[in-house]
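The whole structure should be built from the sequences, with the hints applied where relevant.
Protein chains: 2
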Amino acid sequence: MQILEVNKLTNFKHLNLFSTKYKDKIGNIKSWIFASRLDSPNVIKKASNSSKIDYQNEDNSKDLRINSTDINKPNAVVIVPFHLDYQKLVIIKEFRVPLGNYQYGFPAGLMDRGEDIEQTAARELKEETGLEIVSIIKKSPTIYSSSGMTDESISLVYATCKGEPSIKWNEESEDITVIMVSPKEGEILLANSEIKFDVKSWIVLSIFAQTGKI
Amino acid sequence: MQILEVNKLTNFKHLNLFSTKYKDKIGNIKSWIFASRLDSPNVIKKASNSSKIDYQNEDNSKDLRINSTDINKPNAVVIVPFHLDYQKLVIIKEFRVPLGNYQYGFPAGLMDRGEDIEQTAARELKEETGLEIVSIIKKSPTIYSSSGMTDESISLVYATCKGEPSIKWNEESEDITVIMVSPKEGEILLANSEIKFDVKSWIVLSIFAQTGKI
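Chains Z and R are the protein sequences, given in the same order.
Under our numbering, the residues of the first sequence are numbered 39 to 252, in order.
Under our numbering, the residues of the second sequence are numbered 39 to 252, in order.
Fair warning: there could be bad hints in the mix.
Note: identical chains are not told apart, hence a pair may lie in one copy or across any two.
Here are the simulated EDC-like pairs of lysine to aspartate or glutamate, each with C-alpha atoms no more than 20 Å apart in a straight line [stated by the list, open to error]: (1) K61 to E210; (2) K59 to E212; (3) K84 to E232; (4) K164 to D123; (5) K176 to E212; (6) K222 to D123; (7) K131 to E212; (8) K126 to E210; (9) K59 to E210; (10) K251 to E225; (11) K63 to E223; (12) K68 to E212; (13) K251 to E223; (14) K111 to E202; (15) K176 to E232.
Just so you know, these hints were derived from the structure itself, not from any lab.
Okay, structure coming up:
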């Protein structure tokens, strides 16, 4: 497989569509459209004919939040917080505009320029839940959310935390409820067909409900 | 939070951008852009002023693969296959155009019209790995890949399987290697910093490597 060219199709601030021409394994030229938060997705560096890259309407209002210069840096950090005093997993119920609904998931956010993964994790956990990280249990490498439709990447940070849940550091556009979950309570949430879960929280919570471990 | 209006911004066959206007919790009017494979994302049904919905360049060449009429049906099915004879987890190494690179993940695919989740799981597992489902271990509800940027939804189907791995049913555009993984082999893969993992496969493989269970 070979990437031949990448074209930016739209010119929005936070999210854009890109089209790719690639040669498949039997030599056919095919096209693929994907979404990216990056102004210059990493796949562009793979294009054999980079002179053909056509940036329509080159945008001057770059999104400062995304740093695409480090190819290995994830776009965002997702925290799996385990509260030491309560011995519970921390889940947030949050309004998600693309769903027009509330979703249960983990605290998460885009990396600010200059931050490392641990700093983003600490900042987002505080902003979204009021809690503070005690220590990092484990940290994934850069992993991909849904690589058929987007190059979006995250690092998943499992951390112990402390403090009292609070939404006073939420941004205005955030509508969040902090929920502390025991394995038994996790089981009850998972059995509730009204609840919409994020993929990561569903997998981790299913294991936690079954084994008490994350 | 209240969704006021949703506008389709692009007019491609498989993936489009939509803009949303919504009222945040303190009454400010905000906007949000997201990507969707659906011609008519479910959030549109939440818009308070549906007459304001402006479909630019209404498209007649609908993508037949996505059925947006059933609000609870996932867009895609992802299979977590456990091979009974080998007692190994099945992972695929697949070229992903948006990454311009190979990624390790689970077999997956969009639901065809008229299929149920089990049928999609069986078809995609066969196409991508040559293997056949023996039985379904568990099945997630409709869960969301990354609901800040897309309404993409999946069902995660854990299944036992049988047969010899083969790529002869791959589509031309697919470039897949089937990999059977023991817990010990999983540990080695996870320690290899050259490998790009999908989020779901990283979480499940981490647990499998640690506990021998999925």
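Verification of the hints:
In this homomeric assembly, K61 and E210 come within 20 Å of each other (Cα to Cα) only across copies, at 11 Å, whereas the closest approach inside a single copy is 46 Å. Proximity of K59 and E212 under a CA criterion of 20 Å is satisfied inter-copy only: 15 Å between copies versus 38 Å inside one chain copy. For a Cα distance limit of 20 Å, the shortest separation of K84 from E232 across copies, 16 Å, qualifies, whereas the shortest one inside one copy, 43 Å, does not. In this assembly of identical chains, the alpha carbons of K164 and D123 lie at most 20 Å apart only when taken from the same copy (17 Å versus 47 Å across copies).
In this homomeric assembly, K176 and E212 never come within 20 Å of each other (Cα to Cα): the closest approach is 27 Å inside a single copy and 33 Å across copies. Taking identical chains as interchangeable, the C-alpha atoms of K222 and D123 lie at most 20 Å apart only when both belong to the same chain, with a minimum of 17 Å there against 34 Å between chains. For a Cα distance limit of 20 Å, the shortest separation of K131 from E212 inside one copy, 10 Å, qualifies, whereas the shortest one across copies, 37 Å, does not. Within a single copy, K126 and E210 get their C-alpha atoms no closer than 27 Å, and across copies no closer than 47 Å, so neither meets the 20 Å cut-off.
Within a single copy, K59 and E210 get their C-alpha atoms only as close as 41 Å, which misses the 20 Å cut-off; across copies the closest is 15 Å, which meets it. In this assembly of identical chains, the alpha carbons of K251 and E225 lie at most 20 Å apart whether taken from the same copy (13 Å) or from different copies (18 Å). For the homomeric pair K63 and E223, neither the shortest alpha-carbon distance inside one copy (49 Å) nor that between copies (28 Å) is at most 20 Å. For the homomeric pair K68 and E212, the shortest alpha-carbon distance between copies (11 Å) is at most 20 Å, but the shortest distance inside one copy (40 Å) is not.
With identical chains, the CA atoms of K251 and E223 are at most 20 Å apart within one copy only, with a shortest distance of 14 Å there and 22 Å across copies. Within a single copy, K111 and E202 get their C-alpha atoms no closer than 31 Å, and across copies no closer than 37 Å, so neither meets the 20 Å cut-off. For a Cα distance limit of 20 Å, the shortest separation of K176 from E232 across copies, 18 Å, qualifies, whereas the shortest one inside one copy, 31 Å, does not.
The structure fails to meet hints 5, 8, 11, 14 from the earlier list, while all remaining hints are met.
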